[in-house]
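Visitor: Based on these hints, arrange chain B on the given structure of chain A.
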Amino acid sequence: MKAIGGLLIILALAVGIVPALTSCESRGKAIALPNGKSIPMKCHWTGRAELVAAVPLLAVGAIMMPTRRRETLQALSVLGILIGAMVILLPTTLIGVCANPDMLCNMVMKPVLTFTGMLIILVGAAGFFLARRAESQ
Amino acid sequence: MNLLELARKNIAGSAFRSWTVGLCALLVAALTLATSLILSGAEDSLRLAAERLGADIVVVPEGTEAKVESALLMGTTTRVWMDEETLDAVRAVPGVQAVSPQLYLSTLVDAACCAVSDMFLVVYDPQTDFTIEPWLKETIGEGLKLGQVVGGHYVFVPEGEQNIQLYAYLLTLRANLEPTGTSLDSSMFLTMETARDMARISESMALEPLVIPEGKISTILLQVAPGFDLDEVALEIMHQVPGVTPIVSTNLFQAYRQQMTSLRTSTTVSMVTTLTLSLATLALVFSLATNERKRELGMLRAMGATREFVFGSLLVESGILALAGAATGIVLTVMITSLFHNLIVNTLNIPFLLPSLQGLLGPVAGGIGLALLCITLAAMVPAYRISSMEPAMAMRE
Numbered sequence: 001m002k003a004i005g006g007l008l009i010i011l012a013l014a015v016g017i018v019p020a021l022t023s024c025e026s027r028g029k030a031i032a033l034p035n036g037k038s039i040p041m042k043c044h045w046t047g048r049a050e051l052v053a054a055v056p057l058l059a060v061g062a063i064m065m066p067t068r069r070r071e072t073l074q075a076l077s078v079l080g081i082l083i084g085a086m087v088i089l090l091p092t093t094l095i096g097v098c099a100n101p102d103m104l105c106n107m108v109m110k111p112v113l114t115f116t117g118m119l120i121i122l123v124g125a126a127g128f129f130l131a132r133r134a135e136s137q
Numbered sequence: 138m139n140l141l142e143l144a145r146k147n148i149a150g151s152a153f154r155s156w157t158v159g160l161c162a163l164l165v166a167a168l169t170l171a172t173s174l175i176l177s178g179a180e181d182s183l184r185l186a187a188e189r190l191g192a193d194i195v196v197v198p199e200g201t202e203a204k205v206e207s208a209l210l211m212g213t214t215t216r217v218w219m220d221e222e223t224l225d226a227v228r229a230v231p232g233v234q235a236v237s238p239q240l241y242l243s244t245l246v247d248a249a250c251c252a253v254s255d256m257f258l259v260v261y262d263p264q265t266d267f268t269i270e271p272w273l274k275e276t277i278g279e280g281l282k283l284g285q286v287v288g289g290h291y292v293f294v295p296e297g298e299q300n301i302q303l304y305a306y307l308l309t310l311r312a313n314l315e316p317t318g319t320s321l322d323s324s325m326f327l328t329m330e331t332a333r334d335m336a337r338i339s340e341s342m343a344l345e346p347l348v349i350p351e352g353k354i355s356t357i358l359l360q361v362a363p364g365f366d367l368d369e370v371a372l373e374i375m376h377q378v379p380g381v382t383p384i385v386s387t388n389l390f391q392a393y394r395q396q397m398t399s400l401r402t403s404t405t406v407s408m409v410t411t412l413t414l415s416l417a418t419l420a421l422v423f424s425l426a427t428n429e430r431k432r433e434l435g436m437l438r439a440m441g442a443t444r445e446f447v448f449g450s451l452l453v454e455s456g457i458l459a460l461a462g463a464a465t466g467i468v469l470t471v472m473i474t475s476l477f478h479n480l481i482v483n484t485l486n487i488p489f490l491l492p493s494l495q496g497l498l499g500p501v502a503g504g505i506g507l508a509l510l511c512i513t514l515a516a517m518v519p520a521y522r523i524s525s526m527e528p529a530m531a532m533r534e
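Residue numbers (the numbering used here), protein chains in the order written: chain A, 1 to 137; chain B, 138 to 534.
Bear in mind the hints are in silico, worked out from the structure with no lab data behind them.
This one's a predicted model, so the numbers in the text were calculated from it and none came from an experiment.
Where is the CB? At the ideal position from N, CA and C, for every residue including glycine.
Heads up, some of the hints might be wrong.
[As the list claims (entries may be wrong)] In silico contact screen, one side only, chain A against chain B (beta carbon under 10 angstroms); selected entries:
hint : residue
1    : G96
2    : M107
3    : P111
4    : V112
5    : T114
6    : M118
7    : R132
[What the hints assert, rightly or not] Non-contacting residues of chain A with respect to chain B, defined by C-beta distances greater than 10 angstroms in every case (computed):
hint : residue
8    : A3
9    : L7
10   : A20
11   : S26
12   : M65
13   : T67
14   : T72
15   : Q74
16   : L89
17   : A99
18   : V108
19   : F115
20   : F128
21   : F129
22   : L130
[What the hints assert, rightly or not] Which residues of chain A face chain B? A few of them, derived with a C-beta cut under 8 angstroms, are:
hint : residue
23   : N100
24   : D102
25   : N106
26   : A125
Here chain A stands alone, though its shape is the one from the complex (with noise of 0.2 angstroms):
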């Protein structure tokens, strides 16, 4: 279980760089308002949502890597997944990113989050497997 714990810690890492090199404000963009100040745009609250799910991601995976008991494992996997599935919806549903689709957050951020989301369920899926198959051993 250490490698999916390791998988898991990458892919936390990654689900909180990414926003911050990818999102529009990365660049310099802002919202102007009229009075002259200027707002962040969507995908800046998107990115920081992801910071709130990537700490717990980076956890499970640490927390796995030395963990033999296969409730726990099995528990921390389950969580891996629930918060892939997070991991895809903030930019998507719960949040989204800016409108326009030539936007650095539209274009890669999002993209990057919905992947990097549909392979921590993948490795949070093995490592439930993994974890039944090694009691049965």
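Guide: Positioned in the frame of chain A, the structure of chain B alone reads:
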């Protein structure tokens, strides 16, 4: 033990070999599918974009052909202008049946008064238009009224809003056009009346006013009368109307077509290279594997297995690996091309439309077929060689 069971055990018994073969199948299938999706999708896109324009000839200001094509295909916002009088001059050319002017505008960049940043706006004249107006009458039963717009496939009203705000002007989205895979899908179509009203409101309400120069138009869409040759009419326009360039619909997007030709060449080269390398790797892997398993296969023969059984088991084993690798490659390719569609379009600078589920079946079958063929070919020679050996010889070696 049957063929499948034996193949499954052999696959599980040699992880390195199985991963290598599966990876080669994945590469071959993924590359075949990606190439076919992008190239056929790009051709569909160019065809649909030309159809969407619905004109036999597009007349643009001289020297702005590339700009207009980029605007129509890639949504690169552009401001090109020619005198409105050009319309009458073009209308007077023999063979011209109908003409309709269009104005190309754009929204502001990252401004609160525009719900969408840097959006390409196409303004048309409903009195003379023969592209959007007939479609509207057929779809919603009437033309656009003041303040109403038609959006490309991906244009939508922001969540929780009733209208789309551009230049502080509230627009009502009446309908969405079918997808073309080009930036026309994220463009907006509005009438001259709405555009002028928006310009008037923007002067006092928007961060920057929308400027529409008086007596200017961007392009002229033209229909040629039956019986006239498109190229001859285009040539006549070039002779009679100074300062404009007519582009015949079949010659539209030439720069992109040339880019596609070079893309086709480079993808063919990479396909051939991948296929050759995969075949060489697979032949080596299978050859090493059969040599390694001579004793085991000889034993199998000595225990009563026929030559056909041994040959079949090796082919079934390679077939399973090819199918598993190709299926993974296909799932990954479909996922990546659909998720990263916009990024690929921007990187290659060529629009492409993803096919429907039905249209996907052909390329998917092609990818799996090619992977299966490659691996079966690579496995066949070593499989035949080892299955033809006498059991005693095989065990001794």
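Visitor: For every hint, state whether the structure bears it out.
Guide: Each hint tested on the structure:
1. G96: holds (8 angstroms)
2. M107: holds (4 angstroms)
3. P111: holds (4 angstroms)
4. V112: With a closest approach of 8 angstroms, the V112/A hint holds.
5. T114: Hint holds; T114/A Cβ to chain B Cβ min 6 angstroms, cut 10 angstroms.
6. M118: M118/A check passes; min Cβ-Cβ to chain B is 7 angstroms, inside 10 angstroms.
7. R132: violated (18 angstroms)
8. A3: Nearest chain B Cβ is 14 angstroms from A3/A, so the label holds.
9. L7: holds (17 angstroms)
10. A20: holds (18 angstroms)
11. S26: holds (14 angstroms)
12. M65: Correct as stated: the minimum Cβ-Cβ distance to chain B is 23 angstroms, above 10 angstroms.
13. T67: Nearest chain B Cβ is 25 angstroms from T67/A, so the label holds.
14. T72: holds (28 angstroms)
15. Q74: holds (24 angstroms)
16. L89: holds (15 angstroms)
17. A99: A99/A is in fact no farther than 10 angstroms from some Cβ atom of chain B, at 6 angstroms.
18. V108: Violated: least Cβ distance 6 angstroms, not greater than 10 angstroms.
19. F115: violated (6 angstroms)
20. F128: F128/A is indeed farther than 10 angstroms from all Cβ atoms of chain B, at 20 angstroms.
21. F129: holds (16 angstroms)
22. L130: holds (15 angstroms)
23. N100: Holds: closest Cβ of chain B sits about 5 angstroms from N100/A, inside 8 angstroms.
24. D102: holds (7 angstroms)
25. N106: holds (6 angstroms)
26. A125: Because about 15 angstroms separates A125/A from the closest Cβ in chain B, which is outside the 8 angstroms limit, the hint is violated.
Going down the numbered hints, you'll see the structure goes against 7, 17, 18, 19 and 26, while the others check out.
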